[in-house]
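Chemist: Produce the complete structure using the sequences and hints provided.
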Amino acid sequence: MKENYTGTPANRVDGRAKVTGEAKYAAEFEVPGLLYGVVVNSAIAKGKIKHMDTSAALQLPGVHQVFTHENRPGYSWFDKHHQDEDAPPGSPFRPLGSNEIKFSMQPIALVVADTYELARYAALLVHVEYEAQPHETDLEANLPRAYKPKKYKSPPPSDPRGDAAGAFDKAEVKLEQAYAHPAHHHNPMEMHASIAIWKEGGKLTVYDKIQGVQNSQQYISNAFGIPKENVQVISPFVGGAFGSGLRPQYQLFLAVLAALELKRAVKVVLTRQQMFSFGHRPHTVQRLAIGASPDGKLQSITHNAIAETSRFEDYNEDVVIWPGVLYDCDNVEVSHQLVDLDVYTPLDMRAPGGTTGTFALECAIDEMAFQIGMDPLEFRLKNYTEKDLNEDKPHSSKELKECYRQGAEKFGWANRKMEPRSMKEGHQLIGWGVAHGAWEAQQQEASAKAVLSPNGKLTVSSATADIGTGTYTVMTQIAAEVMGLPLEDVTFELGDSTMPKSPLEGGSWTVSSVGSAVKLVCEKLQEQLLKMAQKMKNSPFSEAKLADVSFANKQMFLTHAPATSISLQAILDQNEGKPLEAEASQKPDSKQKKYSSYSHSATFVEVQVDEELGTVKVTRIVTAVAAGRIINPKTGRSQILGGSVWGIGVALEEHTVLDHNLGRFMTHDLDKYHLPVSADVHETDVIFVEEKDEIVNPLGAKGLGEIGIVSVAPAICNAVFHATGKRIRELPITLDKLL
Amino acid sequence: MRPFTFTQAQDVDTAVQEVSLEGAKFVAGGTNLLDLMKIDVMSPSHLVDITQIALETIEETEAGGIRLGALAKNADTAYHELVETRYPLLSHAILAGATAQLRNMATDGGNLLQRTRCYYFYDTQTPCNKREPGSGCSAIQGYNRDLAILGTSEHCIATHPSDMCVALAALEATVHVTGKNGERAIPFADFHRLPGDTPHLDSNLQPDEIITSIELPAKGFAKHYTYLKLRDRASYAFALVSVAAALELEGDTIKEARIVLGGVAHKPWRVPEAEALLQGQKATRDNFRKVAEAYLQGAQGFGHNDFKIELAKRAIVRALEQATNR
Ligand SMILES: Cc1cc2nc3c(=O)[nH]c(=O)nc-3n(C[C@H](O)[C@H](O)[C@H](O)COP(=O)(O)OP(=O)(O)OC[C@H]3O[C@@H](n4cnc5c(N)ncnc54)[C@H](O)[C@@H]3O)c2cc1C
Ligand code: SF4
Chain A
872 MKENYTGTPA NRVDGRAKVT GEAKYAAEFE VPGLLYGVVV NSAIAKGKIK HMDTSAALQL
932 PGVHQVFTHE NRPGYSWFDK HHQDEDAPPG SPFRPLGSNE IKFSMQPIAL VVADTYELAR
992 YAALLVHVEY EAQPHETDLE ANLPRAYKPK KYKSPPPSDP RGDAAGAFDK AEVKLEQAYA
1052 HPAHHHNPME MHASIAIWKE GGKLTVYDKI QGVQNSQQYI SNAFGIPKEN VQVISPFVGG
1112 AFGSGLRPQY QLFLAVLAAL ELKRAVKVVL TRQQMFSFGH RPHTVQRLAI GASPDGKLQS
1172 ITHNAIAETS RFEDYNEDVV IWPGVLYDCD NVEVSHQLVD LDVYTPLDMR APGGTTGTFA
1232 LECAIDEMAF QIGMDPLEFR LKNYTEKDLN EDKPHSSKEL KECYRQGAEK FGWANRKMEP
1292 RSMKEGHQLI GWGVAHGAWE AQQQEASAKA VLSPNGKLTV SSATADIGTG TYTVMTQIAA
1352 EVMGLPLEDV TFELGDSTMP KSPLEGGSWT VSSVGSAVKL VCEKLQEQLL KMAQKMKNSP
1412 FSEAKLADVS FANKQMFLTH APATSISLQA ILDQNEGKPL EAEASQKPDS KQKKYSSYSH
1472 SATFVEVQVD EELGTVKVTR IVTAVAAGRI INPKTGRSQI LGGSVWGIGV ALEEHTVLDH
1532 NLGRFMTHDL DKYHLPVSAD VHETDVIFVE EKDEIVNPLG AKGLGEIGIV SVAPAICNAV
1592 FHATGKRIRE LPITLDKLL
Chain B
-16 MRPFTFTQAQ DVDTAVQEVS LEGAKFVAGG TNLLDLMKID VMSPSHLVDI TQIALETIEE
44 TEAGGIRLGA LAKNADTAYH ELVETRYPLL SHAILAGATA QLRNMATDGG NLLQRTRCYY
104 FYDTQTPCNK REPGSGCSAI QGYNRDLAIL GTSEHCIATH PSDMCVALAA LEATVHVTGK
164 NGERAIPFAD FHRLPGDTPH LDSNLQPDEI ITSIELPAKG FAKHYTYLKL RDRASYAFAL
224 VSVAAALELE GDTIKEARIV LGGVAHKPWR VPEAEALLQG QKATRDNFRK VAEAYLQGAQ
284 GFGHNDFKIE LAKRAIVRAL EQATNR
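Chains as they are written, first to last, in the numbering used here: chain A, 872 to 1610; chain B, -16 to 309.
Hints may contain errors.
Claimed, not checked - Pair ranges (Cβ atoms, derived):
1. Glu276(B) - Tyr987(A): 51 to 59 Å
2. Thr82(B) - Ser1456(A): 42 to 50 Å
3. Gly286(B) - Lys1458(A): 50 to 58 Å
4. Arg1158(A) - Asp18(B): 41 to 49 Å
5. Ser926(A) - Glu67(B): 53 to 61 Å
6. Gly13(B) - Gly968(A): 38 to 46 Å
7. Gly117(B) - Ser926(A): 43 to 51 Å
8. Glu43(B) - Gly1111(A): 43 to 51 Å
9. Glu901(A) - Asp(-6)(B): 36 to 44 Å
10. Tyr987(A) - Pro116(B): 29 to 37 Å
11. Ser969(A) - Gly286(B): 35 to 43 Å
What the hints assert, rightly or not - Some chain A residues flagged as far from chain B (calculated, every beta-carbon gap over 10 Å):
12. Gly878
13. Asp924
14. Asp985
15. Gly1096
16. Gln1103
17. Gly1110
18. Ala1279
19. Val1322
20. Pro1450
21. Glu1483
22. Thr1486
23. Lys1543
24. Pro1547
25. Ala1550
26. Ile1566
27. Leu1610
Treat the hints as calculated values from the structure; they're not laboratory data.
All residues carry an ideal CB built from backbone N, CA and C; glycine is no exception.
Modeler: Written out as structure tokens, the structure is:
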């Protein structure tokens, strides 16, 4: 019978390689004659480099060069040549571009030496004199300067619906509050790293930590004016990225620059501290004004966001789309403004905008429910929307109600007492909170290639990435299932710019986009196999169409008469020892345009808050997710668990602190930038709710990368309120705020 | 990292000689020093590895206490039977710090001399009097959430980050050291310094001196004790405020109380006069709060760390409550 690989919790196909160290990350490739580059970063946030003395560094034997703005080789100066696939509107930063300092920790020199240790030592000897200018890094102090960007990176905020201000004025129950979300840094386990290898004839091979090799390839080609075919970018494994690898980072630029100039191979790896010298989730302040009727019907929502960006690019994200996605309300007005500061441009970070916006909206909704005296879950149900009201489109599927039901049941929500501070054990106040969230299920155009070898082994490839999400595994499952092959006979390859085109791995669209291409390319192989079988003598398939046959157990057979079968090997044997090959490109189907597609989640949380000391412990998290078909419940569950843990960090711990005197992020290592540790994580449950979706894409799968995080932090905030009666509107909720 | 030379000393005398060289430093577990060398906060030109010296024994003393060899590992100390049964406060304090891996490397001597975790101390591109005397203190006007509220100076408001030391101060340990001029014993209360106008000095240990052992007196408060550590996450974070509390009780009357605060000053913070307020008193929350108020007298916040004053008071009350009920 047909074996379903998708939908089963297959182990990671690359698990063994990862735990044995066989899997190689960008910095780990051994290259003969490799030189090491170490970056020097700016001490000031704004001003000019007056003078740079590199002589002491250059005098050390084994130091090859110190690249600065004074001696760097030329490169293209056009903005468009520095704009990568994920660049926001503006004029991208060019490393070593000039003597101008635009943000603290700006890369200002690259020391290249025979060994890493030597380069690191020499970097200490680079002496820099600055002419500092006053900087502005404080978002809250600069709010009056907020502006509407000329161009938005993500879709501009929707037009107002109804009359939010009027309805708010008239509403019997009102809430108006401000919420602050601090800057966060991605902090993947693997630091950003690139090795650029110069080859005779000016060709380059580059190993890069990136969420899409073709983005780096195009960027290098544009910035340095090298034909694309002369640049090969390879990135088979990525040790987490969370968005930090969507844009090529400066270590890539500097490694390439040095390799081209020195005609050598150069590796540049950032330090943990330097991981705080580029993009981050922007500090964002939000205002919510909500009006409702005393019986709990939403009448008005106004959601305004003001976020930081750099002086050179206008970064924005989907902070204010959530009222229209999540709530039935006739009068809605949203806005998203920016304040440009002397910082590096913010950068997409897991559920960009979703994490930030859902936190504020879901806290405000909880406040409103409390004000009205309604159970917060009931309040959400009362204002449930079947439609995406931003776009006025139906959902391709939406099982959020089922998420509520199953989540609440598992959690025991029905036993919740309304009153805050009503549950207590010893000194511990106990609180229960709920929140929900959504994340768009998008499909991008993607391509894949499949090669079926004469001995029946299948290799499928696409230039996508696996940032730890399980791409290798789920693509293998999809291909194996379509072709009816055991998982062991299928290999999926990714992370090489010479492979068929793929979008960046981000936006939770990889399974949907690349997975659909993988399915299609395998179907093309099926067609070839059928044709070949039909050419065989006395073929029982001569009349069959593709729709009439199935593939399983290394066989092709007539679906209505499974006994009529032929082994794939027998067909392949007809091909004179040649492999079968196919390439395919899959675009979103036009019928999708009539629908909105989102993954949904509902999170239930229990916290314990020490009544005197303010310490918060998240004792239970139940997240129920509706995300279409779950291709691999095991890797999928890991995504949601990771999101839950991150949600704890967002709610309680994470914060990159800017010292405004210095204009510098000061919590720039993992001692001072707190992420949750194992001891912070207790019972964590994941429920996948069944959701059939024949519209979203050919796989019916919506993507799980970001949905796991969005509803967790607000649910924790709401639980803290329920425990303590204190509403904290500025993240993270550290114990001092609860004293 | 800057280049340095490296030797291994086999005995205390050689170690003392070697460390007298210009720019020399001892290295034990290396969990603090090497981190700081990598980021150029400390740059000794010569490292004297002392881990070959036989100083890792934990044994009973004639006076009825115990002696911890300076090179005993934090983990071995915390799980040592003598420590667990007679000085459980010390075990708990050690285990509240760092991680299992770090405690396996870290030595007891090194723990005493670990340096502050002030944000600016760790970033050589910012002014910091402790790192670079005279350059200024970035923390006073800057970000100071983790920093001190007691015993600060206009030059530095750093804290001593150790957990172990808080317990050692409560247990009235003695630090034995050997230098060019021979041996001496330093009472724990005098081991660390306040920043004053010499914030670059963390302790009164002389540059040529090596810690050989830490001695604990017989009295271990094994019945009524607690180490309460409040921090921003459940593990792998330094204390915002910690309290080592030890009580000797007769019924519900306090015969003797020891209270030492961590995370609030440049050294473990003990106020014997305030402790004395509890002597002969009943173990009640009211009395605890009185002591807590006395402990925090003169405390001063710098903005982000103002909360520590109230937190420390509540922590004292809680710690004493826990110690009483244990
Ligand atoms: C990530 C991280 C988290 C941590 N968390 C905590 C925590 O929560 N609580 C806590 O208390 N600690 C914590 N620590 C600190 C840890 O306890 C110290 O690093 C450790 O105790 C230092 O011991 P060591 O032997 O490795 O010292 P080393 O790094 O070898 O030396 C430290 C200093 O002591 C000097 N020295 C060492 N031994 C002697 C001696 N016998 N005589 C004279 N001088 C000597 C050295 O010259 C050096 O200056 C943490 C450390 C890290 C890296
Ligand atoms: S508090 Fe001390 S360690 Fe911190 S910046 Fe000031 S002087 Fe340096």
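Chemist: Taking the hints in turn, state whether each one holds.
Modeler: Structure-based check of all given hints:
no., hint, in the structure
1, Glu276(B) - Tyr987(A): 51 to 59 Å, "holds (54 Å)"
2, Thr82(B) - Ser1456(A): 42 to 50 Å, "holds (49 Å)"
3, Gly286(B) - Lys1458(A): 50 to 58 Å, "holds (55 Å)"
4, Arg1158(A) - Asp18(B): 41 to 49 Å, "holds (43 Å)"
5, Ser926(A) - Glu67(B): 53 to 61 Å, "holds (58 Å)"
6, Gly13(B) - Gly968(A): 38 to 46 Å, "holds (40 Å)"
7, Gly117(B) - Ser926(A): 43 to 51 Å, "violated (26 Å)"
8, Glu43(B) - Gly1111(A): 43 to 51 Å, "holds (50 Å)"
9, Glu901(A) - Asp(-6)(B): 36 to 44 Å, "holds (42 Å)"
10, Tyr987(A) - Pro116(B): 29 to 37 Å, "holds (31 Å)"
11, Ser969(A) - Gly286(B): 35 to 43 Å, "holds (36 Å)"
12, Gly878, "holds (36 Å)"
13, Asp924, "holds (16 Å)"
14, Asp985, "holds (14 Å)"
15, Gly1096, "holds (34 Å)"
16, Gln1103, "holds (34 Å)"
17, Gly1110, "holds (19 Å)"
18, Ala1279, "holds (28 Å)"
19, Val1322, "holds (45 Å)"
20, Pro1450, "holds (49 Å)"
21, Glu1483, "violated (5 Å)"
22, Thr1486, "violated (6 Å)"
23, Lys1543, "violated (6 Å)"
24, Pro1547, "violated (6 Å)"
25, Ala1550, "violated (4 Å)"
26, Ile1566, "holds (43 Å)"
27, Leu1610, "violated (6 Å)"
The structure fails to meet hints 7, 21, 22, 23, 24, 25 and 27 from the earlier list, while all remaining hints are met.
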